[in-house]
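Please model the complete structure; the sequences and the hints are all you need to start from.
Position 6, counted from 1, in the sequence shown is what the working numbering calls 11; the numbers after and before it change by one each time, with no gaps.
Where hints are given, some of them may not hold.
Unchecked claim - With a Cα cut of at most 20 Å, we get these calculated SDA-like pairs of lysine to any residue: (1) Lys14 x Tyr46; (2) Lys35 x Arg17; (3) Lys35 x Ser13; (4) Lys14 x Asp39.
Said to hold, decoys possible - Estimated spans, in silico, between C-beta atoms of each pair: (5) Glu47 x Tyr27: 28 to 38 Å; (6) Leu44 x Thr7: 31 to 41 Å; (7) Tyr26 x Val52: 13 to 23 Å; (8) Tyr26 x Met6: 28 to 38 Å; (9) Val54 x Met22: 18 to 28 Å; (10) Met6 x Asp34: 26 to 36 Å; (11) Met6 x Asp36: 34 to 44 Å.
In case anyone wonders, no lab produced these hints; they're calculated from the structure. Here the structure is a predicted model, which means the values were calculated and not measured. We put the beta carbon where it would ideally sit given N, CA and C, even for glycine.
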Amino acid sequence: MTREMFKSKIHRAIVTMAELYYEGSITIDKDLLDAAEILQYEKVQVVNVN
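See the structure below:
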């Protein structure tokens, strides 16, 4: 059994690029990744809470 936990959060970010027909890909600015300590190819969750 594995348990997935989140270690970082990017709050109130604005999406600047999206590939509508390419599922599973997201572009995040390198400065934001560095600040949040998120590594390249690390699994992320994108949530829009209204």
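Okay, the hints, checked on the actual structure:
1. In summary, the hint linking lysine 14 to tyrosine 46 is supported, as the alpha carbons are separated by about 16 Å, within the 20 Å threshold.
2. Taking the CA atoms of lysine 35 and arginine 17, the gap is about 16 Å. The hint holds against a cut of 20 Å.
3. Proposed proximity of lysine 35 and serine 13 is supported: the alpha carbons are some 14 Å apart, at most 20 Å.
4. Distance restraint check for lysine 14 and aspartate 39: the Cα-Cα separation of roughly 12 Å lies within the 20 Å cut-off, and the hinted pair is therefore satisfied.
5. Taken as a hint, the range 28 to 38 Å is violated for the pair glutamate 47 and tyrosine 27, whose Cβ atoms sit roughly 18 Å apart.
6. The supplied range of 31 to 41 Å is broken by leucine 44 and threonine 7, whose beta-carbon atoms lie about 18 Å from each other.
7. As the Cβ distance of tyrosine 26 to valine 52 is approximately 22 Å, the hint placing it in 13 to 23 Å holds.
8. Here the CB-CB span from tyrosine 26 to methionine 6 is close to 35 Å, well matched to the stated 28 to 38 Å.
9. The beta-carbon spacing between valine 54 and methionine 22, approximately 21 Å, falls within the hinted interval of 18 to 28 Å.
10. One distance hint, 26 to 36 Å for the beta-carbon pair methionine 6 and aspartate 34, holds here, with the actual separation near 35 Å.
11. Under the hint 34 to 44 Å, the C-beta atoms of methionine 6 and aspartate 36, about 36 Å apart, fit the expected range.
In summary, the structure is inconsistent with hints 5 and 6 from the numbered list given earlier, while agreeing with the others.
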